[in-house]
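**Q** So the chains spell out like this:
4 protein chains.
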Amino acid sequence: MYIFDFKKRVRYAETDKMGYLYYGNYPKYYEIGRVELIRSLGISYKDFEDVHKVMLPVVSMDIRYKLPAYYDEHLTIRSRVEQMPTKLISFDFEILNEELKTINTANVKLFFIDMTTNKRISAPELLVAPLKPYFEI
Amino acid sequence: MYIFDFKKRVRYAETDKMGYLYYGNYPKYYEIGRVELIRSLGISYKDFEDVHKVMLPVVSMDIRYKLPAYYDEHLTIRSRVEQMPTKLISFDFEILNEELKTINTANVKLFFIDMTTNKRISAPELLVAPLKPYFEI
Amino acid sequence: MYIFDFKKRVRYAETDKMGYLYYGNYPKYYEIGRVELIRSLGISYKDFEDVHKVMLPVVSMDIRYKLPAYYDEHLTIRSRVEQMPTKLISFDFEILNEELKTINTANVKLFFIDMTTNKRISAPELLVAPLKPYFEI
Amino acid sequence: MYIFDFKKRVRYAETDKMGYLYYGNYPKYYEIGRVELIRSLGISYKDFEDVHKVMLPVVSMDIRYKLPAYYDEHLTIRSRVEQMPTKLISFDFEILNEELKTINTANVKLFFIDMTTNKRISAPELLVAPLKPYFEI
Chain D
307 MYIFDFKKRV RYAETDKMGY LYYGNYPKYY EIGRVELIRS LGISYKDFED VHKVMLPVVS
367 MDIRYKLPAY YDEHLTIRSR VEQMPTKLIS FDFEILNEEL KTINTANVKL FFIDMTTNKR
427 ISAPELLVAP LKPYFEI
Chain G
307 MYIFDFKKRV RYAETDKMGY LYYGNYPKYY EIGRVELIRS LGISYKDFED VHKVMLPVVS
367 MDIRYKLPAY YDEHLTIRSR VEQMPTKLIS FDFEILNEEL KTINTANVKL FFIDMTTNKR
427 ISAPELLVAP LKPYFEI
Chain Y
307 MYIFDFKKRV RYAETDKMGY LYYGNYPKYY EIGRVELIRS LGISYKDFED VHKVMLPVVS
367 MDIRYKLPAY YDEHLTIRSR VEQMPTKLIS FDFEILNEEL KTINTANVKL FFIDMTTNKR
427 ISAPELLVAP LKPYFEI
Chain F
307 MYIFDFKKRV RYAETDKMGY LYYGNYPKYY EIGRVELIRS LGISYKDFED VHKVMLPVVS
367 MDIRYKLPAY YDEHLTIRSR VEQMPTKLIS FDFEILNEEL KTINTANVKL FFIDMTTNKR
427 ISAPELLVAP LKPYFEI
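Line by line, the protein sequences are chains D, G, Y and F.
Here the first sequence is numbered in this note's numbering, starting from 307 and rising by one per residue.
Here the second sequence is numbered in this note's numbering, starting from 307 and rising by one per residue.
Here the third sequence is numbered in this note's numbering, starting from 307 and rising by one per residue.
Here the fourth sequence is numbered in this note's numbering, starting from 307 and rising by one per residue.
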């Protein structure tokens, strides 16, 4: 398993008239979480697309909203890869507020597209190699 | 069961560098779908909050992404209430492209908060009354 | 001069904790205004890029905020081209609320890029031709 | 004069199909810039609203777009207060890319509203006091 924490502050732009972080802004937090998890492995999602011509569209997203987040809170985006990616990569997310209460959980699955053929492929070695040490017994 | 269709065009602001409608923008489409479904029943979500002091936070959202949506496509947001709301209201969404292919499905559940007490309540009569005719045998 | 009105409703996603349409969401309204003005001339901005390989990046935007807009208001985006486009096209926008009060004005200037050479060009005939009748004496 | 630099990365959510940071996302960068400038003075914009009941709506925004910003770039938001705030506070922004080229400049003016009376007021002492040392001769 591989876990990575990244902090992000709730901005005015992201609040709604209820005074909450708008429910539709959470997917951007998960994007940030997974891109920074990947960066923490020494690779860059940008290079996936630009250099390796692989892109990762999202296939599913399941969110549970437990507590609201408020303006200016410094949230923790906890991103987790629990299984070695194969045809899909599955990320589990937990958003924690400043009191470290879990306010939101989510699972997001993405697949791999070879941008030159526009066909689905398996997880590229590029991603598999740096993850392996965290999964081997 | 009650179904309502509403059309929305994909805007430049909503696309990403993949050329797709960004995956995190779908929740805004579901917001539009459910608010317009409610309006089609002769009530306004704005009045829920301003007049009746009831707000509807989202408790869960499950999305399946089937096909991408592209810039300027005139999408159909099909919103469906399959069960009379009780403690929760459950909306099922289907997004169709111009060829009427289903590109995306989702389920979103919301609960009811009395804004004066900040406590959960059952679906207000205001919403139950206009829905009833579509569910009675 | 060519003027075109288009209506858009303020969505929950676009409000902020002040209860207003967030100040940073107005540029999306201007995007909608100019794209729909262009469509009203019988051309599509999508075709500019896809067929004619011309894109229009924004070079400047000047906004004056006069009154707030609120959730669920059905705003009018009034878009105006006052001069025939040359190296630039200049759009003037006025946003009106339901009482037809002007709540916001803006000027947005865009230039033309030939996407095959990545160089600036003059306004393409494609856009000049349908605008001409509105400017000739 | 008071200057403050804050870094922000361009996210996928913020790109458009041109591959650029969407022109309408810059105002969010200015929001981040001014809020972090204020925080660097030892005060919090959140407290302005919650504790001191003062809010700062935007009255004007003038932007010049010089160069595009791209996905994953780590941009510098340089925020500047050049004059002591009176009835208005004026912020000048400069966005710099990783090569420290200025890609964007803007001026944003905000005024002060007493949230209890909903009337305009002068810059509160709360903001004037920590800024003064940077302006006195």
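Incorrect hints may appear among the rest.
Note: identical chains are not told apart, hence a pair may lie in one copy or across any two.
[Said to hold, decoys possible] With a cut-off of at most 25 Å between alpha-carbon atoms, the simulated BS3-like pairs for lysine-lysine come out as follows:
#1 352 - 372
#2 393 - 425
#3 334 - 372
#4 415 - 372
#5 438 - 372
#6 407 - 352
#7 393 - 438
#8 352 - 393
#9 372 - 407
#10 393 - 372
#11 334 - 415
#12 393 - 314
#13 407 - 425
#14 359 - 372
#15 352 - 334
#16 334 - 313
#17 313 - 393
#18 425 - 372
#19 313 - 359
Read the hints as simulated data drawn from the structure, not as lab findings.
**Q** Looking at the structure, which of the earlier hints fail to hold?
**A** Hints 5, 12, 17 and 19 contradicted; others consistent.
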